[in-house]
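Residue numbers (numbering that gives the first Met the number 0), protein chains in the order written: chain L, 0 to 115; chain Z, 0 to 115.
No lab work stands behind these hints, which were simulated from the structure alone. In this text, all values refer to a predicted model and were calculated from it rather than measured experimentally. Possibly wrong hints are sitting among the right ones.
[Stated by the list, open to error] Output of the computed footprint for chain Z on chain L, the stretches with three or more beta carbons under 8 Å from beta carbons of chain Z:
no., stretch
1, 18-31
2, 51-58
3, 78-91
Every residue gets a Cβ at the ideal spot worked out from N, C-alpha and C, and that includes glycine.
Number of protein chains: 2
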Amino acid sequence: MIEPAPETPVCHHFQRAALLIGKRWNPQLVRMLLSGAVRYSDLKAGVPQISDHLLSERLKELEAEGVLVRLVTPSTPVRIEYRLTERGADLAGVIDELSAWAERWASAEVAEPAVG
Amino acid sequence: MIEPAPETPVCHHFQRAALLIGKRWNPQLVRMLLSGAVRYSDLKAGVPQISDHLLSERLKELEAEGVLVRLVTPSTPVRIEYRLTERGADLAGVIDELSAWAERWASAEVAEPAVG
Numbered sequence: 000m001i002e003p004a005p006e007t008p009v010c011h012h013f014q015r016a017a018l019l020i021g022k023r024w025n026p027q028l029v030r031m032l033l034s035g036a037v038r039y040s041d042l043k044a045g046v047p048q049i050s051d052h053l054l055s056e057r058l059k060e061l062e063a064e065g066v067l068v069r070l071v072t073p074s075t076p077v078r079i080e081y082r083l084t085e086r087g088a089d090l091a092g093v094i095d096e097l098s099a100w101a102e103r104w105a106s107a108e109v110a111e112p113a114v115g
Numbered sequence: 000m001i002e003p004a005p006e007t008p009v010c011h012h013f014q015r016a017a018l019l020i021g022k023r024w025n026p027q028l029v030r031m032l033l034s035g036a037v038r039y040s041d042l043k044a045g046v047p048q049i050s051d052h053l054l055s056e057r058l059k060e061l062e063a064e065g066v067l068v069r070l071v072t073p074s075t076p077v078r079i080e081y082r083l084t085e086r087g088a089d090l091a092g093v094i095d096e097l098s099a100w101a102e103r104w105a106s107a108e109v110a111e112p113a114v115g
């Protein structure tokens, strides 16, 4: 069913969230972090198509957005881990819904008739 | 809580869905259509920053993806409506979660400590 209209047509925070989650590779990276990945090499293995340069850039952006933190342990060798913040972990609902939608419509490659 | 890892690191369908929902203006357009907007002018009013060229392009892309249909009624003047398909309307869960997340974290503009 179609829900009643929200009062504001487009809210700034929604737009910002949409841009964040919509940026290429970000949903995949958040999904992997939610699944327990913490090392750069794990993230890289999950999205092998991405260049090291772009992966580092995305991780920095997600850190700047307060979605993840980069933890450096001064061991030998230095251990670097990426962990979701509370805010980042709270994206689980969005990621789950997106996953579920993709799953449901995976086989439907043609346009459907309109509803409503 | 962190969920167990899915078997595949990144599924093709998830990536496609992420790209679709992540493309600039798409979440806003789907949100407005879910809220009952059907006319081009309503959509335009909701995202006044977007150019007519880009809005038309996005609507065509969403049509090609099977998210909406463009219905032309040969009246005078011709009436054109945009309606979500079943697949498009099924994005409500994603949009709702994204909205709710944006709402919850609207005031938190700084990085939070890591969890887990």
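Non-conforming hints, listed in increasing numerical order: Violated hint (a single one): 2; every other hint is consistent with the structure.
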